[in-house]
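Trainee: For chain H, the structure is supplied; the task is to place chains F, A and P on it using the hints.
One-letter residues, chain by chain:
Number of protein chains: 4
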Amino acid sequence: MPIRVVVWNEFIHERENEAVKSIYPDGIHAAIAAALGGGDLQVSTATLDEPEHGLPQGRLDDTDVLLWWGHKAHGQVSDEVVERVAQRVYEGMGLIVLHSGHFSKIFKRLMGTPCSLRWREAGERERMWVINPSHPITQGLGAQIEIPNSEMYGEPFLVPEPLETIFVSWYQGGEIFRSGLTYKRGAGNIFYFGAGHETYPIYHNPEVQTVLRNAVRWAYNPVPRWADVEKAPNRPIDQALEKIEARGLSLHTAGQEGFR
Amino acid sequence: MPIRVVVWNEFIHERENEAVKSIYPDGIHAAIAAALGGGDLQVSTATLDEPEHGLPQGRLDDTDVLLWWGHKAHGQVSDEVVERVAQRVYEGMGLIVLHSGHFSKIFKRLMGTPCSLRWREAGERERMWVINPSHPITQGLGAQIEIPNSEMYGEPFLVPEPLETIFVSWYQGGEIFRSGLTYKRGAGNIFYFGAGHETYPIYHNPEVQTVLRNAVRWAYNPVPRWADVEKAPNRPIDQALEKIEARGLSLHTAGQEGFR
Amino acid sequence: MPIRVVVWNEFIHERENEAVKSIYPDGIHAAIAAALGGGDLQVSTATLDEPEHGLPQGRLDDTDVLLWWGHKAHGQVSDEVVERVAQRVYEGMGLIVLHSGHFSKIFKRLMGTPCSLRWREAGERERMWVINPSHPITQGLGAQIEIPNSEMYGEPFLVPEPLETIFVSWYQGGEIFRSGLTYKRGAGNIFYFGAGHETYPIYHNPEVQTVLRNAVRWAYNPVPRWADVEKAPNRPIDQALEKIEARGLSLHTAGQEGFR
Amino acid sequence: MPIRVVVWNEFIHERENEAVKSIYPDGIHAAIAAALGGGDLQVSTATLDEPEHGLPQGRLDDTDVLLWWGHKAHGQVSDEVVERVAQRVYEGMGLIVLHSGHFSKIFKRLMGTPCSLRWREAGERERMWVINPSHPITQGLGAQIEIPNSEMYGEPFLVPEPLETIFVSWYQGGEIFRSGLTYKRGAGNIFYFGAGHETYPIYHNPEVQTVLRNAVRWAYNPVPRWADVEKAPNRPIDQALEKIEARGLSLHTAGQEGFR
Chain H
757 MPIRVVVWNE FIHERENEAV KSIYPDGIHA AIAAALGGGD LQVSTATLDE
807 PEHGLPQGRL DDTDVLLWWG HKAHGQVSDE VVERVAQRVY EGMGLIVLHS
857 GHFSKIFKRL MGTPCSLRWR EAGERERMWV INPSHPITQG LGAQIEIPNS
907 EMYGEPFLVP EPLETIFVSW YQGGEIFRSG LTYKRGAGNI FYFGAGHETY
957 PIYHNPEVQT VLRNAVRWAY NPVPRWADVE KAPNRPIDQA LEKIEARGLS
1007 LHTAGQEGFR
Chain F
757 MPIRVVVWNE FIHERENEAV KSIYPDGIHA AIAAALGGGD LQVSTATLDE
807 PEHGLPQGRL DDTDVLLWWG HKAHGQVSDE VVERVAQRVY EGMGLIVLHS
857 GHFSKIFKRL MGTPCSLRWR EAGERERMWV INPSHPITQG LGAQIEIPNS
907 EMYGEPFLVP EPLETIFVSW YQGGEIFRSG LTYKRGAGNI FYFGAGHETY
957 PIYHNPEVQT VLRNAVRWAY NPVPRWADVE KAPNRPIDQA LEKIEARGLS
1007 LHTAGQEGFR
Chain A
757 MPIRVVVWNE FIHERENEAV KSIYPDGIHA AIAAALGGGD LQVSTATLDE
807 PEHGLPQGRL DDTDVLLWWG HKAHGQVSDE VVERVAQRVY EGMGLIVLHS
857 GHFSKIFKRL MGTPCSLRWR EAGERERMWV INPSHPITQG LGAQIEIPNS
907 EMYGEPFLVP EPLETIFVSW YQGGEIFRSG LTYKRGAGNI FYFGAGHETY
957 PIYHNPEVQT VLRNAVRWAY NPVPRWADVE KAPNRPIDQA LEKIEARGLS
1007 LHTAGQEGFR
Chain P
757 MPIRVVVWNE FIHERENEAV KSIYPDGIHA AIAAALGGGD LQVSTATLDE
807 PEHGLPQGRL DDTDVLLWWG HKAHGQVSDE VVERVAQRVY EGMGLIVLHS
857 GHFSKIFKRL MGTPCSLRWR EAGERERMWV INPSHPITQG LGAQIEIPNS
907 EMYGEPFLVP EPLETIFVSW YQGGEIFRSG LTYKRGAGNI FYFGAGHETY
957 PIYHNPEVQT VLRNAVRWAY NPVPRWADVE KAPNRPIDQA LEKIEARGLS
1007 LHTAGQEGFR
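Protein chains in written order, with our numbering: chain H, 757 to 1016; chain F, 757 to 1016; chain A, 757 to 1016; chain P, 757 to 1016.
Okay, chain H solo, but in the shape it has when bound (with noise of 0.2 Å):
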């Protein structure tokens, strides 16, 4: 069975801007998924001016992992749809953030962070150096890979200390960055990649396109679907593994819902 993908992208500057139109004519989400496409992966497109931005309930109940893209526009993203892509995370659908989506309300929704940091966009030389050459994100590359021209993202970078470390990027004016790093939220899992600043073509350089291709097929988890994972089920007394009978003072009675 093929994992079904789909890559949202809020795709304005490539239609506002001249120098971000000119490396992506059919906007980044479009460059992403034929890189994506192909082979066991099933990709599709959404986007922030579609109905629901494109992520209706039913079209998320059929996604197994995400990938997200967005810069100028993260305040016009709807809560309802944002807590919506949150609770299939933690119902197991695997999430790719993408370099300016560090400050997307999905991502600082989940690792309940301010996930600031530092920039500026000088076409400088980026170098992503591979932390963990045993990790399945990063088969299939060198010690390295060489950007040669990208936004600087520094340090501190406030997310939640990782799972694992997986790139920590050197740039050529003196700052460095942890640009790959991993998280599971229930039983999603998220992995954080700082590449991909718009106005450089660097979704074209094939490197990073193996990044992502490793990284879907990563964040991908084939258990069954985890439908209560929000709930807090009562544990009825008289369904206790080990027998016990109620004691002492009591807040709720018997079947009673607990309190949100």
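Everything labelled a hint here was simulated from the structure, so no lab data went into it.
Hints may be right or wrong, so weigh each one.
A pair holds if it fits inside one copy or across any two, identical chains being indistinguishable in the list.
[Said to hold, decoys possible] In silico SDA-like links for lysine to any residue, alpha-carbon gap of 20 Å or less:
1. 940 to 920
2. 940 to 918
3. 828 to 1015
4. 940 to 782
5. 940 to 865
6. 999 to 874
7. 987 to 843
8. 940 to 919
9. 940 to 892
10. 999 to 983
Mentor: Here is chains F, A and P on its own, set in the frame of chain H:
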């Protein structure tokens, strides 16, 4: 200089429910404040029904560690106050989330997960085992804390992998629960502590009180307030540590703020 | 291509002790191998009394995942074989350490800690609770595995904080134990699994067998062998990615090997 | 009560190599001890050529934090002393491993990994970026420490995922390195700090000295010595917290010690 502690409580069950009132006549917050008081801790309380829930910005700015007890009225806490508390945690305020606070807005906000669990109110015996006897939070305890009557909280507990696992609880009815977990969000230390159902006198237990005192000291971060923790400042090209020159196409103009 | 699995056993109690012999007449290794066998796993066994404990370099080189059961004779395992196994783990071989293997040389070697715990042999009931129902290792299980008769292992368990906590056990006598923990050392995935005292038929339990099969697949790292994982190669100045020139004083002459 | 600190140095290059001698005429240990001295730290030194390398049991028993500098003579450190130091770390002694100490026996022993890396001695510029400005170890620093001449250490650095990443270094020649990492082993806090090649005056840098002072205070664990950290005591059936009776077959007789 003393550590400035605020004990927050929704303070509802102690006024509505006779069982709870009999145990905590002045409220859970008062019992905890009395247990913490003295020595180097300067303790005050705040409750849901005060203006801004007793947590106006100025008071939070003067708070080093906040304890949070809520159960029935999580939904009545205003989103604005929740954001304010989250911001203070990022800046360095310690946060101790107690028992049913697992479902509080502020805990879910900082974890980025559902924080769901299983539960049963049977007054059964709980044993909180010390996983890490060399941690500041467990000093002064024996191998375990026995709580004669407790509400069962069971796994899976939908939180991220913690920084350290401090306590794991055994329940008479057959369940276990990771009942002491530490996290860091920005500069803020966070401790989740499972003890404390309101129909049992758990906060009158001297060992539970020891944990609370230890946890306040552990959560206190004496470093200067991280005022701009949510900012993403630009580092201008002419101030780069290594001399670079702008190359390639550009999205931002010099001195422009980044997008959010 | 099949996953090549070796089940290692010291194979002493099954020959010396009638109780154990009655449960595992051909040895624990044979029971585990039978449980794993078939499908995509190509399983063989090795025991302490074979030359080089059945683990010569050539065989380890052809092993993808090693399971380790030992109890009475940890001290008889040669340090040379232990180093060989550790090296293979760094290169990418998976390792599953079972029950009393917590005190094996190889586990202590890879954890860097004492790996001590508390214990009691009373045939009491154990419940292994699934902490992470979305992890590959717990697929096919319910909320918990009930083991009617088990040896109690209790906290504190002196291991480093794990990558992920997979199981926590409840014991009838009042203790708890983190009985399923994952680690990574070099390219090698490691799973400690507490189930398995030899005087009870625990490895005949279908759910325990499910865990073992899942764990083998999880531990298998299909990436190319990391042959030089212990090497510290010099990167000569004239091959630096950014052009630099030697400055200042120097300890090493060009091309010299580093110290170890 | 002062924190009792021992600075250990193999003390070879400072006597054999004129370049190193010119920078550290009395040895690296003397320079570090001078930098740490005063205030609440009671600092002494120990070297390889002293009896038992200056670390007899009695002295280690009276040591709260040990700093370790070695490079050329790792192999000359006796295994017995290494085990003794490891045991003290488990009991609660802090350990700070410096620079080329990444290949010391004690660091590899406690990490359980090869601790390998890449290197180049070119006197190039290093910038140690503060990843975690709210950590005790980074107090008093700016955003980064500039080291004008340094030895390059590059990734992959074969250590386990740390508790927290404190520093990441940028090198002029294009590499990066996780140069400040924390760990816990038993009750002992461990800090690896990459700064310190002996042909450059790095330990004379005031900011590096600030890190060392901070790290000593962070690594100091004031809790009582964990004397039996390596023991695995039996909990007899008749002392179980919950009443149980022996069932099933048995390997051990009552009161018998466990196997090791």
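Trainee: Up to 20 Å between alpha-carbons, please classify residue 940 paired with residue 918: within, between, both or neither.
Mentor: For residue 940 and residue 918, the Cα distance is within 20 Å both inside one copy (9 Å) and across copies (12 Å).
Trainee: From the Cα coordinates, with 20 Å as the cut-off, is the pair residue 999 and residue 874 best called within, between, both, or neither?
Mentor: between (57 Å within a copy, 17 Å between copies)
Trainee: Within a copy, between copies, both or neither: where do residue 940 and residue 782 come within 20 Å Cα-Cα?
Mentor: Classified as neither; 32 Å inside a copy, 41 Å across copies.
Trainee: Checking residue 940 and residue 865: alpha-carbon separation at most 20 Å within a copy, between copies, both or neither?
Mentor: both (13 Å within a copy, 16 Å between copies)
Trainee: At most 20 Å between CA atoms: does that hold for residue 940 and residue 919 within a copy, between copies, both, or neither?
Mentor: both (7 Å within a copy, 11 Å between copies)
Trainee: Check residue 999 against residue 983 for me: Cα-Cα at most 20 Å, and say if that holds within a copy, between copies, both or neither.
Mentor: neither (29 Å within a copy, 39 Å between copies)
Trainee: Please work out whether the CA atoms of residue 940 and residue 920 approach to 20 Å or closer within one copy, between two copies, in both situations, or in neither?
Mentor: both (10 Å within a copy, 10 Å between copies)
Trainee: With 20 Å as the alpha-carbon cut-off, assign the pair residue 987 and residue 843 to within, between, both or neither.
Mentor: within (12 Å within a copy, 27 Å between copies)
Trainee: With 20 Å as the alpha-carbon cut-off, assign the pair residue 828 and residue 1015 to within, between, both or neither.
Mentor: Intra 39 Å, inter 5 Å, cutoff 20 Å: inter-copy only.
Trainee: Is it within a copy, between copies, both, or neither that the alpha carbon of residue 940 lies no farther than 20 Å from that of residue 892?
Mentor: both (16 Å within a copy, 13 Å between copies)
Hints 4, 10 from the earlier list are contradicted by this structure; the remaining hints agree with it.
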